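Take a look at the letters that make up each chain.
2 protein chains.
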Amino acid sequence: MKFEIIAGDKATGLRAGKLYTAHGVLHTPVFIPSASLALVKHCNPEEVAQAQVQIIACNAYHLYLRPGEQVIAHAGGLHRFMGWKRPILTDSGGFQLFSLAQSREISEEGVRFKSHLDGSTHLLTPERSIEIQNALGSDIAMAFDECTPYPCDREYAERSLELTLRWARRSKAAHRERAHQALFGIIQGSVYPDLRIRSLEGTLEIGFDGYALGGLSVGESKEEMYAVLDAVVKRLPEDRPRYLMGVGLPEDLENCAEYGLDLFDCVIPTKNARHGTIFTSEGLLKIKNARYADDHGPLDPNCDCVACRKYTRAYLRYLFVAGESLGLRLLTLHNLRHYERVMEGLRDRARGANPR
Amino acid sequence: MKFEIIAGDKATGLRAGKLYTAHGVLHTPVFIPSASLALVKHCNPEEVAQAQVQIIACNAYHLYLRPGEQVIAHAGGLHRFMGWKRPILTDSGGFQLFSLAQSREISEEGVRFKSHLDGSTHLLTPERSIEIQNALGSDIAMAFDECTPYPCDREYAERSLELTLRWARRSKAAHRERAHQALFGIIQGSVYPDLRIRSLEGTLEIGFDGYALGGLSVGESKEEMYAVLDAVVKRLPEDRPRYLMGVGLPEDLENCAEYGLDLFDCVIPTKNARHGTIFTSEGLLKIKNARYADDHGPLDPNCDCVACRKYTRAYLRYLFVAGESLGLRLLTLHNLRHYERVMEGLRDRARGANPR
Chain A
1 MKFEIIAGDK
11 ATGLRAGKLY
21 TAHGVLHTPV
31 FIPSASLALV
41 KHCNPEEVAQ
51 AQVQIIACNA
61 YHLYLRPGEQ
71 VIAHAGGLHR
81 FMGWKRPILT
91 DSGGFQLFSL
101 AQSREISEEG
111 VRFKSHLDGS
121 THLLTPERSI
131 EIQNALGSDI
141 AMAFDECTPY
151 PCDREYAERS
161 LELTLRWARR
171 SKAAHRERAH
181 QALFGIIQGS
191 VYPDLRIRSL
201 EGTLEIGFDG
211 YALGGLSVGE
221 SKEEMYAVLD
231 AVVKRLPEDR
241 PRYLMGVGLP
251 EDLENCAEYG
261 LDLFDCVIPT
271 KNARHGTIFT
281 SEGLLKIKNA
291 RYADDHGPLD
301 PNCDCVACRK
311 YTRAYLRYLF
321 VAGESLGLRL
331 LTLHNLRHYE
341 RVMEGLRDRA
351 RGANPR
Chain B
1001 MKFEIIAGDK
1011 ATGLRAGKLY
1021 TAHGVLHTPV
1031 FIPSASLALV
1041 KHCNPEEVAQ
1051 AQVQIIACNA
1061 YHLYLRPGEQ
1071 VIAHAGGLHR
1081 FMGWKRPILT
1091 DSGGFQLFSL
1101 AQSREISEEG
1111 VRFKSHLDGS
1121 THLLTPERSI
1131 EIQNALGSDI
1141 AMAFDECTPY
1151 PCDREYAERS
1161 LELTLRWARR
1171 SKAAHRERAH
1181 QALFGIIQGS
1191 VYPDLRIRSL
1201 EGTLEIGFDG
1211 YALGGLSVGE
1221 SKEEMYAVLD
1231 AVVKRLPEDR
1241 PRYLMGVGLP
1251 EDLENCAEYG
1261 LDLFDCVIPT
1271 KNARHGTIFT
1281 SEGLLKIKNA
1291 RYADDHGPLD
1301 PNCDCVACRK
1311 YTRAYLRYLF
1321 VAGESLGLRL
1331 LTLHNLRHYE
1341 RVMEGLRDRA
1351 RGANPR
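First to last, the protein sequences are chains A and B. Residue numbering for the first sequence follows the numbering used here, starting at 1 and increasing by one per position. Residue numbering for the second sequence follows the numbering used here, starting at 1001 and increasing by one per position.
Hints were generated in silico from the structure; no laboratory data involved. Quantities reported herein were computed from a predicted structural model and do not represent experimental measurements. Certain hints may be false.
[To be verified] Distance condition first, Cα-Cα at most 30 Å in a straight line; then the derived DSBU-like pairs of lysine-lysine:
1. A:Lys286 / B:Lys1085
2. A:Lys85 / B:Lys1288
3. A:Lys271 / B:Lys1271
4. A:Lys310 / B:Lys1310
5. B:Lys1288 / A:Lys271
6. A:Lys310 / B:Lys1085
7. B:Lys1310 / A:Lys271
8. A:Lys310 / B:Lys1271
9. A:Lys288 / B:Lys1271
10. B:Lys1288 / A:Lys114
11. B:Lys1114 / A:Lys288
[Stated by the list, open to error] Some, not all, of what chain A presents toward chain B, calculated at C-beta under 8 Å:
12. Ser34
13. Leu37
14. Ala75
15. Ala293
16. Lys310
17. Tyr315
18. Ser325
In this text, a Cβ means the ideal position worked out from N, Cα and C, and glycines have one as well.
My request is simple: use the sequences and hints to build the entire structure.
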């Protein structure tokens, strides 16, 4: 997987790069919105692309359960199934098993779990996760890992990271060397910097196209997260993409990008939109607030998204209060566009257009 | 309100016309999809226009309760509030009071009812309905009427049509002569042809820009409905638009258009889409059917709608089963496009492009 660093901010670790995938070049730092179920909820692919989204994250766990990866393979892969022409990253299912599964049992072999849809029992292993991700045809697949919770005692974190390393080795072995699909390894170790370093060393030894930090933004403090980034990021190879999973708010992205991280994913812009919490250039806006009922201005006067160009706060609030999906769609597209502007600002800064 | 008959099918009463509104010319026969809450559910105005929809129907009852007609007036009217540039018809609220209100009490003055949203008590009168419709700024407003249920005994139907006539007179008196808004009268009388004729004569005497047949498609047999059309339509003035409310399936539209009716509205294409019942050139399709789970062809190979051009049965079924609004949106747009093709066929036939 070709990755070029094209610029860096001298005052910080912030860097801008180009990551070449089978479906086009990603300009990093890049934010990856959630499309777990093979869509950004309420939105169609054209709209998401119009918000300047470069890449989306789909989920192997969900798509294995429904519609089944074979249906998607028959369609010609995820891109054709859902009509999205730009890059796709697939998560391995590790995080969903941590956050969603009603009942799960972790063994050396993998994770046995009950489907959240119908209670049926399934086994996900590193080999199976990679097979599913291959069938989905994503541009970037993720190794199968255990995402440790917070708080997590040191002993558990240690045992877990060793298991994740063995699973990483099996993930890599199972990954057919497909010219079109990159495979990223995931570093675990909870909030313990020394365990994180051990996980990093083991993951580097196996060797992946890129490296992700998992198990953060799961409840730990910002200080604990930054302590992990301080310990780990500088030890990652300069020439490989670095992906911080599950982060975060716009200010988190700005702070974390300065560590020299390149990819970020998070449910916040889409999920918050669905709850009526809107990011604007003037701060947070709760669209449900009665003050917007008769406000015929745009959500954000400085935004060029479809919601801001074509609709008013009054109409968007009305749709939201009435529970209409069109409202959730427009609010989602706005938040996505806002996040893209944050990322554009970071890339501009890294390129020196906006030197600090 | 200018209305031109431009062609007619000699073998039947089918006719094609142009109805001039403040927001453009309607080519009749025309179908009017439901946008009761100031949107076609799940769809944005651009998409609805792309399905070739010419005019939508919004609802005075719903929009009075939420967001309140004053909010919409402050936005500059319904067109600007919701971003729809083509004509809008507003229903007076009579039908919703008949079909929705939990508890209502009809008097000479109007209808006192409890809101389905919060149980608060309201009074809708002919004057108030017209005032609301004026504030909404629709292109076509409807007189306030009582829509009789089915079955309906003759005595009740008779008393009711007389009340509707008195309300029609008050509606017309209340309707400010606004250059931009037409007002249609509504003929009632249940399934009794002689009562329908009495209602028609009274309504014609008051005089409206167009004439609607209400209280049909409420449970009566097709024979009863056609008996009413047989008695009434030929007695309507040739040079005024004729609107059949609440009808219907594509075959009903084809049959009823042959009576010389010009406008039709119905919830069927949108509501059925939301229930997964799809109209295609090859017949009805239930998208939930397991046979479509791995079917990667279009919904309808003969359709040019966005759902048929860009998505497959497998993806649409998947979205529908997963309860995703994107699926409901695409299915709605397909059914609307199908209905538009039915209407295009009728206009072509009337214009002699496809003479029988």
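Each hint, compared with the structure:
no., hint, verdict
1, A:Lys286 / B:Lys1085, "holds, 29 Å"
2, A:Lys85 / B:Lys1288, "holds, 27 Å"
3, A:Lys271 / B:Lys1271, "holds, 27 Å"
4, A:Lys310 / B:Lys1310, "holds, 24 Å"
5, B:Lys1288 / A:Lys271, "holds, 27 Å"
6, A:Lys310 / B:Lys1085, "holds, 12 Å"
7, B:Lys1310 / A:Lys271, "holds, 26 Å"
8, A:Lys310 / B:Lys1271, "holds, 26 Å"
9, A:Lys288 / B:Lys1271, "holds, 27 Å"
10, B:Lys1288 / A:Lys114, "holds, 24 Å"
11, B:Lys1114 / A:Lys288, "holds, 24 Å"
12, Ser34, "violated, 13 Å"
13, Leu37, "holds, 6 Å"
14, Ala75, "holds, 5 Å"
15, Ala293, "holds, 6 Å"
16, Lys310, "holds, 5 Å"
17, Tyr315, "holds, 6 Å"
18, Ser325, "holds, 3 Å"
Hint compliance for this structure: hint 12 is the single one not met.
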